[in-house]
Amino acid sequence: MEEPSIVLETQKINAWFGKDQVLFDVSAHIPKNRVTAIMGPSGCGKTTFVRTLNGLHLMTPGARSSGTVLLEGTDTSTMDIVDVRKHIGMVFQRPNPFPTMTVYENVLAGYRLTGQRLAREKADQIVETTLNKVGLWTEVQTKLFKAGTSLSGGQQQRLCIARTIAMEPAVVLFDEPTSALDPKSTAIIEELLSDLKSEYSILFVTHGLQQAARISDYVAFFMLGELVEFGETKRVFVGPQDKRTEDYLSGKYG
Amino acid sequence: MTARKLKNSLMGFLVAASAGLLIAVLAVIVWHIFISGVRYLNWDFFTKAPAPFGESGGGVFNAIVGTFLITLVAAAIGTPFGMFAGIYVAEHRGQRFADIVRLCADALQGIPSIVIGIFGYTFLVARFRSYSALSASVALAFMFVPTTARVTEEVLNLVPSGLKEAAYALGARRSSVVWNVSIKTAAAGITSGLLTSMARIAGETAPLLFTAFGSRYIEWNMLRPMSALPLQIYIYASSPYPALQQQAWSAAFVLVLLILLLQFGAKHLIARVLRVKA
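Respectively, the protein sequence lines represent chains A and B.
Take 1172 as the starting number for the first sequence in my numbering and just add one per residue.
Take 561 as the starting number for the second sequence in my numbering and just add one per residue.
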């Protein structure tokens, strides 16, 4: 496998909630068009790390951060936060389609919420292609104008993925997107990732070792707010270089 | 029976009896008003102004018109202020100024309505040298704003934070999140709060005594004195004429019916909000 280019680079990211520091000098190179799993025990800063990338971390009262995030070479602190979030989309732990919107409107929510008007044909086309990409089109074709919340949990989560990729981001952050789903819905979403990575670069937070091994090309292992190890998934799982990674993989804690 | 079991059943009885008493009080009031009021209800009662003194018949259409106009105008004045204040407090949770606004809303809610009435008299009626329905609406709006602000804030706080985060993550700006996500999701709850606040002011009497003053004629002009159901009840019930006292009961029946309808409407909407949330 040839070396992929870098889509996202972080330089010495530190993050705090009030006086508690939760991330320490995290520097990482996220490869383009690959799935990178962010794993580690609960409270290790995985979620905070991805939330610093799209600026959601700072929306928590009392939260601070420092360091630099480069998106395809551009320092995101010099960009409008709206543009940053357009390029770095996010899917959350719990499926959260907008309850006041239909399936159709949910797919286009990003356009509507940012005040972009679309011609009817263009809108129809985005809805169809996006729902196709997440494998929902045939399932919800007849339910396009029903409430997004009327779908099953797994379908709702795929609708949320559709809503995110409809904005054509470069990077998609997944924050434990399957932890609230049943095994079958989880499998569907995991399969989806291998299709999606041809167009998007994916960061996938998970606390499941097996899940990280199944889905990812690269893995970042976090502990106590530090990035302990980063590398190709096969290499890290077979021959971890850090003692802490080895202990975690062999089940000494977690 | 042991002492513990005895205590247990005694407490159980007291709790159930208190709950039952609550129902009984409402039932007695509603039943009495119904029995006393419904007998004298007729078409004239709803469509005619009071008969001249000494003549029988007539109705309270003037008061029904007044209650609707005064309440609706008060709500129209108070809704934007109340809603915006509520949005402000909900969006700035934990900040000092928001806490002060919330505290003031609570304090304003606690001001007795008679004081609001005197206030309306001093600053509106006395200044413009005329009793008017509009000054009554303004006085009632002072009671409408704090309840609306508090309800709006509480309902907005019920909107799951995950929805707002999802909107921000899509690149939405704050104003867009507030209008397109928070308010839309909470719309039914906010409407319910508006209805509850309207029900509350529709039954107020004290502020009207000093402002709307009352009128025996069917009045549509907000700048002139106007009657309202609570005023009409107050005047008729304290009159020496049995025919007017009977009409007071009928008016009470209509007023209670109106307020209960508003409240049931509000409850129905709140039930819908809770379903969306679950």
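Please note that a few of the clues may not be correct.
[Said to hold, decoys possible] With a Cα cut of at most 27 Å, we get these calculated DSS-like pairs of lysine-lysine: (1) A:K1293 x A:K1355; (2) A:K1317 x B:K827; (3) A:K1314 x B:K827; (4) A:K1183 x A:K1257; (5) B:K827 x A:K1293; (6) A:K1293 x A:K1304; (7) A:K1257 x B:K744; (8) A:K1405 x A:K1183; (9) A:K1368 x A:K1355; (10) A:K1190 x A:K1257; (11) A:K1405 x A:K1423; (12) A:K1183 x A:K1203; (13) A:K1203 x A:K1190; (14) A:K1304 x A:K1355; (15) B:K744 x A:K1317.
[Claimed, not checked] Derived list of chain A stretches under chain B, where covered just means 3 residues or more per stretch with a C-beta under 8 Å from a C-beta of chain B: (16) 1256-1270; (17) 1373-1386.
[To be verified] Which residues of chain A face chain B? A few of them, derived with a C-beta cut under 7 Å, are: (18) S1213; (19) G1214; (20) L1289.
Worth flagging that the hints you see were computed from the coordinates, not collected in a lab.
These figures come from a predicted structure and were not determined experimentally.
Cβ coordinates follow ideal geometry from the N, Cα and C atoms, glycine included.
So, going through the hints one by one against the coordinates:
no. : hint              : in the structure
1   : A:K1293 x A:K1355 : violated, 33 Å
2   : A:K1317 x B:K827  : holds, 25 Å
3   : A:K1314 x B:K827  : violated, 30 Å
4   : A:K1183 x A:K1257 : holds, 23 Å
5   : B:K827 x A:K1293  : violated, 42 Å
6   : A:K1293 x A:K1304 : holds, 16 Å
7   : A:K1257 x B:K744  : holds, 23 Å
8   : A:K1405 x A:K1183 : holds, 26 Å
9   : A:K1368 x A:K1355 : holds, 21 Å
10  : A:K1190 x A:K1257 : violated, 31 Å
11  : A:K1405 x A:K1423 : holds, 20 Å
12  : A:K1183 x A:K1203 : holds, 20 Å
13  : A:K1203 x A:K1190 : violated, 34 Å
14  : A:K1304 x A:K1355 : holds, 18 Å
15  : B:K744 x A:K1317  : holds, 17 Å
16  : 1256-1270         : holds (count 9)
17  : 1373-1386         : violated (count 0)
18  : S1213             : violated, 19 Å
19  : G1214             : violated, 20 Å
20  : L1289             : violated, 14 Å
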